[in-house]
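There are 2 protein chains.
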Amino acid sequence: MAYELYYWDGIQGRGEFVRLALEDAGAEYIDVSRGAKKDGQGTGAMMKIINSKIEPHIPFAPPFLKDGELIVPHVANILLYLGPKLGLAPKDEGLRYVAHGLQLTIADMVTEVHDTHHPLASGLYYEDQKDAAKRRAKDFIENRVPKFMGYFERVLAQNPQGDTQMIGDTTTYVDLSMFQLVGGLHYAFPHAMKKFGMSYPRVAALHDAVLERPNIAAYVDSERRIPFNESGIFRHYPELDQDA
Amino acid sequence: MAYELYYWDGIQGRGEFVRLALEDAGAEYIDVSRGAKKDGQGTGAMMKIINSKIEPHIPFAPPFLKDGELIVPHVANILLYLGPKLGLAPKDEGLRYVAHGLQLTIADMVTEVHDTHHPLASGLYYEDQKDAAKRRAKDFIENRVPKFMGYFERVLAQNPQGDTQMIGDTTTYVDLSMFQLVGGLHYAFPHAMKKFGMSYPRVAALHDAVLERPNIAAYVDSERRIPFNESGIFRHYPELDQDA
Chain A
1 MAYELYYWDG IQGRGEFVRL ALEDAGAEYI DVSRGAKKDG QGTGAMMKII NSKIEPHIPF
61 APPFLKDGEL IVPHVANILL YLGPKLGLAP KDEGLRYVAH GLQLTIADMV TEVHDTHHPL
121 ASGLYYEDQK DAAKRRAKDF IENRVPKFMG YFERVLAQNP QGDTQMIGDT TTYVDLSMFQ
181 LVGGLHYAFP HAMKKFGMSY PRVAALHDAV LERPNIAAYV DSERRIPFNE SGIFRHYPEL
241 DQDA
Chain B
1 MAYELYYWDG IQGRGEFVRL ALEDAGAEYI DVSRGAKKDG QGTGAMMKII NSKIEPHIPF
61 APPFLKDGEL IVPHVANILL YLGPKLGLAP KDEGLRYVAH GLQLTIADMV TEVHDTHHPL
121 ASGLYYEDQK DAAKRRAKDF IENRVPKFMG YFERVLAQNP QGDTQMIGDT TTYVDLSMFQ
181 LVGGLHYAFP HAMKKFGMSY PRVAALHDAV LERPNIAAYV DSERRIPFNE SGIFRHYPEL
241 DQDA
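Protein sequences, first through last, are from chains A and B. The first sequence begins at 1 in full-length UniProt numbering and counts up one residue at a time. The second sequence begins at 1 in full-length UniProt numbering and counts up one residue at a time.
Bound-form chain A, shown alone:
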């Protein structure tokens, strides 16, 4: 049975990290919110689960995955669940906790990316918190990008199995998520990322290598890939960008 992915329609957002794993593995899945109401799909089908008064395991927010009766919420949790089934997790059980830890660090950085344009309230418009956003984005570029990316570069450099994947000796969902994170940062902050490849050569090479994976290359060129836009997590607001 096809996996059902529930996420907001019209944006890559957090759902994209899950889509990349499903696409890379060639797994059958339904992107429910993007489906038609007449097929029992669409955003309404997603909200029905979130607002259900009887569902025993309601998710707090999208994305969540439905596999049969099981509802798995949160990107990192979904990838923890799917990883072994899709052949995108380390075989060693201990390493699966390490991979999950890396994914949670990626999730933390994604939250900080979001907060560059929404530092005061996720329910307020960007325009109503632009001054605070400028301060937060400046700190993000000057301090947080180097902190996170310096760490990811070290993770690659110190992987005993080689610096072409984040963990172990095979490609995992963590590598696919790194691709999305790096791509998103380039979209949102082109000035800040100008010298990215020089500062973080292993991370940059990983991004490029993932893009060459046949299923990822095909997906990125397909209509299924929603372009980055200013409703998602990674938003290009020139006034928030600056040289690193």
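One should not assume that every hint holds.
Unchecked claim - What the simulated footprint calls covered on chain B by chain A, stretch by stretch (three residues with Cβ under 8 angstroms from a Cβ of chain A suffice, anywhere in the stretch; the number is not a length):
id	region
1	69-80
2	116-127
Stated by the list, open to error - Calculated cross-link-like contacts (lysine-lysine; reagent style DSS-like; alpha-carbon spacing at most 30 angstroms):
id	chain 1	residue 1	chain 2	residue 2
3	A	Lys53	B	Lys91
4	B	Lys91	A	Lys147
5	B	Lys147	B	Lys130
6	A	Lys48	B	Lys147
7	A	Lys66	A	Lys53
8	A	Lys194	A	Lys138
9	B	Lys130	A	Lys147
10	A	Lys147	B	Lys134
11	B	Lys85	A	Lys85
These aren't lab readings, by the way, just hints derived from the structure by calculation. The beta carbon of each residue, even a glycine, is placed where N, CA and C say it ideally should be.
Given the coordinates of chain A, work out where chain B should sit on it, guided by the hints.
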């Protein structure tokens, strides 16, 4: 062998969610940063792992758990790992993903609590971002607390096994973390939380029930329990508090 918990000395912080599980289960553990340098402990021992140039699986930040050679970072990941070993996870494998999803929602709320006093930059002093903090705290109290706590109340109400635990029919690490979250919010925002028990009766009852667990009661009264303070996640700054 005793588990080794690595976290900043002097604060409950994120480490406390792990401590509560270890304490409730009566597990043997070393709170490494709080130990003596002469025993190979202290904050230096923690920084040595974080800054290691050879360790294959470096953590991004505390807390992390060391169990033999395995390093498990991130609170929710640590609890995912420890839960079954401590008898604090659901027996059913599918439900473990549900429990983990709840824990990740708690983690998201904890990050938002942190950001009430540090909305612009975690590296800046609170005093240098107080105006933004006031706006973010106001939004947190007015919008985010009801959103998260309304959700947790529904999770309890809709648990088919009863509304006295978050998942299944036994106490899990999720319940212990809810205790810490609710206690921390009461410490930080006493005005905002004044009517908490009326608004979220099941969540409030869960908090009180966890406090009556013998090992938790003993721990909270012990010297091992660091008091809440203004260096942690939950900080009581009266100017950020207001009636809900």
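Quiz item: Between Lys147(B) and Lys130(B), is the straight-line Cα distance small enough, at 30 angstroms or below?
Solution: holds (24 angstroms)
Quiz item: Keeping to a limit of 30 angstroms between CA atoms, is the pair of Lys85(B) and Lys85(A) held or broken?
Solution: Given pair Lys85(B), Lys85(A) holds - Cα atoms ~24 angstroms apart, limit 30 angstroms.
Practice problem: Take a quick look at whether Lys130(B) and Lys147(A) sit within 30 angstroms of each other, Cα to Cα. | Solution: It holds: about 24 angstroms lies between the C-alpha atoms, which stays within 30 angstroms.
Quiz prompt | 30 angstroms limit on alpha-carbon distance, applied to hinted pair Lys91(B) and Lys147(A) | solution = Violated: Lys91(B) and Lys147(A) sit about 38 angstroms apart, past 30 angstroms.
Exercise. Verify the coverage statement for the region 69-80 of chain B against chain A, using a C-beta to C-beta distance below 8 angstroms and requiring 3 or more qualifying residues.
Key: As far as the region 69-80 of chain B goes, the hint holds, because 8 residues have Cβ atoms under 8 angstroms from chain A.
Exercise. Would you mind confirming whether the straight-line C-alpha gap from Lys66(A) to Lys53(A) stays at or under 30 angstroms?
Key: holds (17 angstroms)
Practice problem: Mind checking the alpha carbons of Lys53(A) and Lys91(B) for me, to see if they're no more than 30 angstroms apart? | Solution: holds (25 angstroms)
Self-check item: Straight-line alpha-carbon gap Lys48(A) to Lys147(B), limit 30 angstroms
Solution: holds (17 angstroms)
Self-check item: Distance restraint between Lys147(A) and Lys134(B), which requires alpha-carbon spacing of 30 angstroms or less
Solution: Holds: Lys147(A) and Lys134(B) sit about 27 angstroms apart, inside 30 angstroms.
Practice problem: With a cut-off of 30 angstroms on the C-alpha distance, tell me whether Lys194(A) and Lys138(A) pass. | Solution: holds (15 angstroms)
Quiz item: Count the residues of the region 116-127 of chain B with a beta-carbon closer than 8 angstroms to any beta-carbon of chain A: does the count reach three?
Solution: holds (count 5)
Going through the hint list in order, the structure does not satisfy hint 4, though it satisfies all others.
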